[in-house]
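Undergrad: Residue-level listing of the chains:
There are 2 protein chains.
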Amino acid sequence: MTESRHEPPLRGPSEHSIRDQIVEAATEHFGHYGYEKTTVSDLAKAIGYSKAYIYKFFDSKQAIGEVICANRLAELMQVVDAETAAAPNASETLRRLFLALVNGGSNLFFHDRKLYDIAAVSSREHWPSAQQHCEHLRLLIQRIIREGRESGEFETQTPLDEVADGIYLIMRPYANPVQLQHNLEQAPEAADLLSTLILRSLAP
Amino acid sequence: MTESRHEPPLRGPSEHSIRDQIVEAATEHFGHYGYEKTTVSDLAKAIGYSKAYIYKFFDSKQAIGEVICANRLAELMQVVDAETAAAPNASETLRRLFLALVNGGSNLFFHDRKLYDIAAVSSREHWPSAQQHCEHLRLLIQRIIREGRESGEFETQTPLDEVADGIYLIMRPYANPVQLQHNLEQAPEAADLLSTLILRSLAP
Chain A
1 MTESRHEPPL RGPSEHSIRD QIVEAATEHF GHYGYEKTTV SDLAKAIGYS KAYIYKFFDS
61 KQAIGEVICA NRLAELMQVV DAETAAAPNA SETLRRLFLA LVNGGSNLFF HDRKLYDIAA
121 VSSREHWPSA QQHCEHLRLL IQRIIREGRE SGEFETQTPL DEVADGIYLI MRPYANPVQL
181 QHNLEQAPEA ADLLSTLILR SLAP
Chain B
1 MTESRHEPPL RGPSEHSIRD QIVEAATEHF GHYGYEKTTV SDLAKAIGYS KAYIYKFFDS
61 KQAIGEVICA NRLAELMQVV DAETAAAPNA SETLRRLFLA LVNGGSNLFF HDRKLYDIAA
121 VSSREHWPSA QQHCEHLRLL IQRIIREGRE SGEFETQTPL DEVADGIYLI MRPYANPVQL
181 QHNLEQAPEA ADLLSTLILR SLAP
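Each protein sequence line maps, in turn, to chains A and B.
For what it's worth, the UniProt record's numbering labels the leading residue of the first sequence as 1, then goes sequentially.
For what it's worth, the UniProt record's numbering labels the leading residue of the second sequence as 1, then goes sequentially.
To be clear, the hints were calculated from the coordinates, so they are not data collected in a lab.
Some hints could be false.
[Said to hold, decoys possible] Examples of chain A residues toward chain B, derived with CB under 10 angstroms:
{"no.": "1", "residue": "Val121"}
{"no.": "2", "residue": "Ser123"}
{"no.": "3", "residue": "Arg124"}
{"no.": "4", "residue": "Arg172"}
{"no.": "5", "residue": "Gln179"}
{"no.": "6", "residue": "Gln186"}
{"no.": "7", "residue": "Ala190"}
[To be verified] If you want the footprint, here are the derived chain B segments under chain A, 3+ residues with CB under 8 angstroms:
{"no.": "8", "segment": "164 to 172"}
{"no.": "9", "segment": "192 to 199"}
Keep in mind it's a predicted model, so treat the numbers as computed, not measured.
Note that the Cβ used here is the ideal one computed from N, Cα and C, for glycine as well.
All chains should be built: construct the whole structure from the sequences, respecting the hints.
TA: This is the structure in structure tokens:
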């Protein structure tokens, strides 16, 4: 997070930085009061801008929520990428991916509950940010399978798409915020058990 | 459903049949108005018994809901048992089990939405009826794995519990009413794809 909005800009701030300021303030505000209960008027009051001014930069409350959500999901995927980068092989990459998704989602749930709720709304309402996140995850799984096939760790008989879609479906209840909340308690054990089952299904 | 409550009993009805009458009427009432919004007073008025009389047979609204839920889950499992009984081998039994769970849950959702909601409450609040249903499903999976091991269809290296728990976890998002509603659209395809993945993991 930048601290720019607490310092008056030397020259007029660019459109880009005003957008950033609005998103940053909205992240804080939604993070306290929740996304669904807050109106753009509430937000405008809290930030000290007029509602009309905010609407110059964002078409709707959802448009602001989208950016917050995309930022948060990008952060989560950075953690996931970092956790999986050093894995010695494709099997271990898959295990670490599953666990990192569960841990990232649980952290968000327990430490940033209101932002977790935005992620849940985005998923329930099929926002582009949520869709892109799913697509990112699906491609990541495909890449890992491809690597494991090239190294001889995984079987190569089943069509790649079919394998990746199946694994994605197994991970989704733990990656998707709407569903993760029903699975939180046993999520780390489930990630372990299900990774092992997935790896058995991938054996050459 | 019996029609007994529309006919005056020849002799005084047994406690058992009064309980049945209350459950039957409550099933109809909750089925129309929902479980969560209905009080025992509403129910008493609708049935034509006093609230105090109902409390002679059931400690609470939940106690009535429990019986309704257990009945409905038993019906679902009867369908599941019938669908899987004629399968020629353990692999096909597993496939049919998964599909029957999805179809049974979807039917309940689309044709008996208010009773689906009771099942969701029972699952969310860990009622004994929901717990028993999970346990039943878990044992059924174990039985199928055991049969497939005996017939040589499935590998025998992995501990039985581990295999069964993993499969149960994969099926749960489609068997559990709280989660199925987020997965309804693609549930039949998912059941197919995931059955295939599970069977690959079970290959000897």
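Undergrad: So, for every hint listed, does it hold in this structure?
TA: Verification of the supplied hints:
1. This hint is violated: Val121/A has a C-beta 13 angstroms from the nearest C-beta of chain B, more than the 10 angstroms allowed.
2. Interface hint at Ser123/A: satisfied, since its Cβ lies 9 angstroms from the closest Cβ of chain B, which is below the 10 angstroms cut-off.
3. This hint holds: Arg124/A has a C-beta 8 angstroms from the nearest C-beta of chain B, less than the 10 angstroms allowed.
4. At its closest, the beta carbon of Arg172/A sits 8 angstroms from a beta carbon of chain B; the interface hint therefore holds under the 10 angstroms criterion.
5. The criterion of a C-beta within 10 angstroms of any C-beta in chain B is met by Gln179/A, whose closest approach is roughly 6 angstroms, and the hint holds.
6. Restraint check, Gln186/A versus chain B: the minimum CB separation of about 8 angstroms is within 10 angstroms; hint holds.
7. Among the interface hints, the one on Ala190/A holds; its C-beta lies about 5 angstroms from the nearest C-beta in chain B, closer than the 10 angstroms criterion.
8. Check result for the segment 164 to 172 of chain B against chain A: holds, 6 residues qualifying (beta carbon to beta carbon below 8 angstroms, three or more required).
9. For the segment 192 to 199 of chain B, the stated coverage by chain A holds: 5 residues have a C-beta nearer than 8 angstroms to a C-beta of that chain, and at least 3 were required.
Checked against the numbered hints given earlier, this structure breaks only hint 1.
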